[in-house]
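I would like the entire structure built from these sequences, with the hints used as guidance.
Protein chains: 4
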Amino acid sequence: MEIGFIGLGKMGMNMVTRLRRGQHRVVVYDRATELIKQAEQQGCVGATSLADLASKLAAPRTVWIMVPSGAPTEDTIRQMAALLAAGDAIVDGGNTRFHDDLRRHAELKAKGLHYVDAGTSGGVWGLANGYCLMVGGDRAVVERLSPVLTTLAPPNGWAYVGGPGAGHYVKMVHNGIEYSMMQGYAEGFELMAKSGYDLDLARIADLWMQGSVVRSWLLELAAAALKEDPKLEKLKGFVQDSGEGRWMIQEAIDKDVPVPTLTMALFTRFRSRQEQSFAEKMLAALRNAFGGHAVRR
Amino acid sequence: MEIGFIGLGKMGMNMVTRLRRGQHRVVVYDRATELIKQAEQQGCVGATSLADLASKLAAPRTVWIMVPSGAPTEDTIRQMAALLAAGDAIVDGGNTRFHDDLRRHAELKAKGLHYVDAGTSGGVWGLANGYCLMVGGDRAVVERLSPVLTTLAPPNGWAYVGGPGAGHYVKMVHNGIEYSMMQGYAEGFELMAKSGYDLDLARIADLWMQGSVVRSWLLELAAAALKEDPKLEKLKGFVQDSGEGRWMIQEAIDKDVPVPTLTMALFTRFRSRQEQSFAEKMLAALRNAFGGHAVRR
Amino acid sequence: MEIGFIGLGKMGMNMVTRLRRGQHRVVVYDRATELIKQAEQQGCVGATSLADLASKLAAPRTVWIMVPSGAPTEDTIRQMAALLAAGDAIVDGGNTRFHDDLRRHAELKAKGLHYVDAGTSGGVWGLANGYCLMVGGDRAVVERLSPVLTTLAPPNGWAYVGGPGAGHYVKMVHNGIEYSMMQGYAEGFELMAKSGYDLDLARIADLWMQGSVVRSWLLELAAAALKEDPKLEKLKGFVQDSGEGRWMIQEAIDKDVPVPTLTMALFTRFRSRQEQSFAEKMLAALRNAFGGHAVRR
Amino acid sequence: MEIGFIGLGKMGMNMVTRLRRGQHRVVVYDRATELIKQAEQQGCVGATSLADLASKLAAPRTVWIMVPSGAPTEDTIRQMAALLAAGDAIVDGGNTRFHDDLRRHAELKAKGLHYVDAGTSGGVWGLANGYCLMVGGDRAVVERLSPVLTTLAPPNGWAYVGGPGAGHYVKMVHNGIEYSMMQGYAEGFELMAKSGYDLDLARIADLWMQGSVVRSWLLELAAAALKEDPKLEKLKGFVQDSGEGRWMIQEAIDKDVPVPTLTMALFTRFRSRQEQSFAEKMLAALRNAFGGHAVRR
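Residue numbers (my numbering), protein chains in the order written: chain A, 1 to 297; chain B, 1 to 297; chain C, 1 to 297; chain D, 1 to 297.
Simulated from the structure, these hints should not be mistaken for lab results. Watch out, some of these pointers could steer you wrong.
Identical copies look the same in the list; a pair holds intra-copy or inter-copy alike.
[Stated by the list, open to error] Distance condition first, Cα-Cα at most 25 Å in a straight line; then the derived DSS-like pairs of lysine-lysine:
| # | residue 1 | residue 2 |
| --- | --- | --- |
| 1 | K236 | K255 |
| 2 | K194 | K234 |
| 3 | K56 | K109 |
| 4 | K231 | K194 |
| 5 | K231 | K255 |
| 6 | K255 | K194 |
| 7 | K37 | K10 |
| 8 | K109 | K227 |
| 9 | K234 | K255 |
| 10 | K234 | K10 |
Here it is in structure tokens:
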């Protein structure tokens with residue numbers, strides 16, 4: 001089928017490549033013209049502006065937006081909505097908080113436009129393996145997108161999961177689980193590194209991939225990372241987070257659901273980014289105050 | 001090769017079956033004679049006692065012990081050790097705390113016997129897939145066991161990981177990670193169950209198996225469990241633990257390693273087994289005391 | 001001085017009593033006329049409506065609002081603002097999220113009105129001991145309230161802590177700390193209850209009040225509660241929360257600050273209100289799936 | 001009464017001072033002779049050795065041991081036991097794991113000696129305020145010590161809490177609660193420090209001492225510490241722990257009691273002592289592996 005695609009970053013370009021391999025007609029736009037040229041070399045049709053992109057698609061149009069979450073996505077949707085006509089559809093493939101999906105779906109609906117939220121997992125490996133796609137919105141509209149979703153995903157790798165926001169909701173939970181799993185592995189490998197045994201961590205990660213209960217794709221990646229840098233001496237433990245973990249905790253609080261491992265995983269990341277922890281200083285100050293315990297200055 | 005095998009429970013019988021498929025000569029013993037008969041039907045040689053088992057093996061003998069951890073394993077090893085001769089080897093394939101391995105290795109060494117600790121993962125699926133085996137002890141002795149380890153494990157599925165206790169140490173950490181992962185999934189699925197969307201949890205678990213970052217064998221099992229009982233209405237949230245998680249926390253404390261997600265996962269299990277939580281009553285009592293907040297009686 | 005007071009619930013009535021003891025002229029309103037009558041018996045001036053209350057105060061007027069947080073407070077402020085004149089001040093003494101204070105302060109300022117946020121601690125004991133008051137807003141306006149604040153608080157028991165929202169911010173953190181402390185005691189007393197020693201928990205709580213590091217007002221309350229019901233057999237561990245703990249976690253997430261004990265304290269309350277935990281069922285299901293471990297149905 | 005006192009460190013010397021103020025006859029020993037001299041200046045009787053100390057006391061003798069926990073205490077008790085006679089009593093006033101108390105009580109009993117475990121709280125403030133003493137052992141023996149306990153403690157500040165080990169058990173729980181409380185305050189003050197408001201933390205700590213729900217002795221100390229160093233710029237967040245927190249977690253695990261805040265408080269201390277966290281590096285490595293997210297090297 002035919003699709004407009006906005007955002008040719010790390011994720012977007014790979015997705016466009018996959019769409020072209022699937023023989024779809026893809027009209028692309030990005031603020032960086034060199035990225036548009038790169039996409040044209042793969043057989044995409046380049047657009048010089050959002051308006052140009054809209055004009056190069058036949059109704060009913062579908063435009064997939066894959067730009068950074070937050071303001072960039074919001075702005076792009078707003079601009080695009082002004083250029084589209086009743087019956088057209090916008091797909092937000094980025095990481096959006098589901099509350100925003102609900103709002104946007106209603107706003108666009110008032111203009112006769114469709115809004116689809118597609119949670120996308122697979123990272124840099126999606127090009128080769130396909131992207132796992134969790135899709136929310138109106139079912140009929142999502143069905144219309146079926147050809148591109150099927151191309152982007154591995155076999156059985158996309159699903160309509162529910163109404164507006166459901167796609168990003170499921171993706172948010174997906175990422176929250178990812179945090180817990182990563183943290184679980186991280187704790188285990190730290191302990192093994194300090195076990196007193198001279199354990200070959202990469203070998204163990206590899207070994208566990210063969211029939212153990214904890215085998216997973218993340219463990220496969222752990223094995224590769226540990227093979228390259230067995231004691232992780234080459235990098236710093238400075239760990240970013242991209243928002244979904246926070247949103248999931250907030251949603252869990254809204255729904256009275258305990259999510260202790262997710263929360264501990266996020267807090268570990270917070271701590272990793274502090275050079276000095278005020279809380280820990282406070283503990284030192286209090287120990288000194290009641291017990292005269294020495295402090296380091 | 002030839003091996004003695006003690007303990008024909010859920011795990012043991014499957015392992016014996018796999019060993020027989022690998023054409024090993026397996027002399028078996030269990031307190032339950034019907035299990036011995038069952039093993040004989042698979043071509044094992046039944047023994048009527050531990051002494052009989054010892055007498056039916058040629059030196060240097062190898063005896064694999066697969067009985068419940070704790071006292072049963074300890075007793076069996078003690079009795080078996082008295083029946084073996086210098087150069088023979090005992091393999092503990094169960095869940096033993098690594099401190100006990102260190103002690104036993106030294107005790108048996110003093111008698112000229114070898115002791116190998118083999119952490120075994122794979123559960124009820126090990127028969128078909130093979131068991132992931134993490135093996136500790138003296139390297140030369142473990143090498144001697146290589147034929148049976150190769151038969152029990154999937155390809156590349158066993159490894160010598162280090163000196164005495166290392167096998168069970170790695171298995172302990174493996175299980176601790178398992179707790180964190182399970183808890184991570186459990187938190188995520190609970191939130192989805194309460195999301196307000198009518199999410200098909202089994203379908204989502206399945207979907208995530210296709211290219212997502214959180215794909216794992218546990219997730220595959222989750223998909224199957226949710227397919228059978230989509231809202232988990234048929235079971236109680238009463239969750240046992242088999243010890244390794246506790247040991248890992250205690251070892252983490254001994255090594256000053258923070259293991260927050262593992263700990264939260266274990267505490268969730270503790271809580272699941274309480275009908276009434278004293279701590280929660282205390283919170284209710286305190287809220288009532290300072291704020292006059294109503295309590296339920 | 002003179003003050004209008006809206007909301008004669010558990011907290012409000014006690015505060016009015018304290019204000020009257022301090023010889024202030026207090027004009028009161030509540031939807032429940034019997035509460036107005038009760039206040040009149042203490043020398044308050046009853047009002048029949050918000051408008052009547054406004055008319056019975058001299059400019060510049062001060063109106064203290066002590067109604068349930070959320071919609072009731074928001075509505076009362078909106079209605080009162082329409083009845084007041086430039087230079088008048090509204091004090092929100094309830095539990096309001098500081099973001100709402102910032103918004104309201106700006107909205108009222110646009111109408112020439114002042115808005116003060118007063119975090120109030122002390123519970124049912126405030127009548128006798130005085131209320132600890134953390135006050136935010138414009139400093140000059142807060143100074144104007146100094147006579148009533150001084151009456152409401154114990155000696156040195158109120159402070160201007162910062163601009164709009166600061167009072168409720170500090171109160172929010174206060175309550176978050178309260179959660180951690182309560183949970184800390186609850187964990188400790190549960191362990192003592194299960195120690196195997198026949199410990200007299202009320203006696204121990206009392207004992208710790210004499211010179212120990214953990215002495216606190218909450219511990220004093222714990223001693224009293226345990227004296228009344230030594231094994232806490234008369235109540236259920238169903239623990240509500242009134243919002244500030246949630247807000248503090250969300251604010252901590254916004255500021256990248258790890259707050260693990262607060263979070264665990266809140267999640268314990270969530271769990272206390274679940275009859276059945278979906279997450280725990282999921283754990284049971286997974287254990288059964290990989291290990292064939294029995295489940296309870 | 002008369003008492004032997006071994007160990008004149010920070011705690012011991014203050015306790016001896018208090019005992020002398022109470023007119024007790026105190027025979028002291030310490031490996032540092034200058035400390036013995038210092039005690040003699042307070043009217044204590046100095047001993048030149050443990051044997052000398054034993055010889056300077058009349059039967060039935062009581063010897064209070066206040067030396068570092070672990071090996072020093074164990075050794076001192078062993079040596080002292082060899083010098084005492086049936087009916088004499090040893091008091092361990094330090095921080096001992098209750099399992100050791102149980103063992104020692106039995107060992108000494110076999111020799112006709114009494115063993116009392118006295119958990120001692122109060123820190124450097126105990127000299128002025130008295131020490132809160134939680135005492136375990138045989139009730140009749142503890143009663144015999146009543147005069148010295150009464151002198152050491154504030155009014156109502158000591159109690160017989162139960163059989164052998166109960167004193168140190170209660171002290172262990174006391175310290176675990178202390179960890180949770182300290183951590184709760186630390187989290188709250190860190191958030192206030194990062195609130196964006198220019199909050200005067202020392203003033204707020206002080207304010208909360210006046211009638212608020214979170215008032216406590218630790219908060220009083222926090223106020224003092226923050227007054228001295230309002231942003232805690234002069235010290236490092238390197239936080240030691242003295243063992244009881246670890247023991248309490250291990251005991252909680254033995255008794256299936258969830259202690260999440262205590263555990264998080266201990267893990268925060270562990271993390272405070274790590275320059276580089278292996279776990280956090282692992283998280284960074286995994287994020288890089290699946291998402292191509294940049295790492296810091």
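Outcome of the hint check:
In this assembly of identical chains, K236 and K255 lie within 25 Å of each other by CA distance solely across copies; the values are 21 Å between and 36 Å within a copy. For the homomeric pair K194 and K234, the shortest alpha-carbon distance inside one copy (18 Å) is at most 25 Å, but the shortest distance between copies (31 Å) is not. Taking the shortest Cα distances, K56 and K109 sit within 25 Å of each other inside one copy (23 Å), while across copies they are farther apart (51 Å). For the identical chains of this complex, K231 and K194 are intra-copy neighbours only, at 11 Å inside a copy versus 34 Å across copies, given an alpha-carbon limit of 25 Å.
For the identical chains of this complex, K231 and K255 are inter-copy neighbours only, at 17 Å across copies versus 40 Å inside a copy, given an alpha-carbon limit of 25 Å. Only between protomers do K255 and K194 lie at most 25 Å apart by alpha-carbon distance; the minimum there is 7 Å, versus 39 Å within a single protomer. For the identical chains of this complex, K37 and K10 are intra-copy neighbours only, at 15 Å inside a copy versus 62 Å across copies, given an alpha-carbon limit of 25 Å. In the homo-oligomer, the alpha carbons of K109 and K227 never lie at most 25 Å apart, since the shortest distance is 51 Å inside one protomer and 35 Å across protomers.
Proximity of K234 to K255 under the C-alpha cut-off of 25 Å is restricted to the inter-copy arrangement: shortest distance 23 Å between copies versus 41 Å within a copy. Taking the shortest alpha-carbon separations for K234 and K10, only the intra-copy value of 24 Å comes in at or below 25 Å, while the best inter-copy value is 44 Å.
Of the numbered hints stated above, the single one contradicted by the structure is hint 8.
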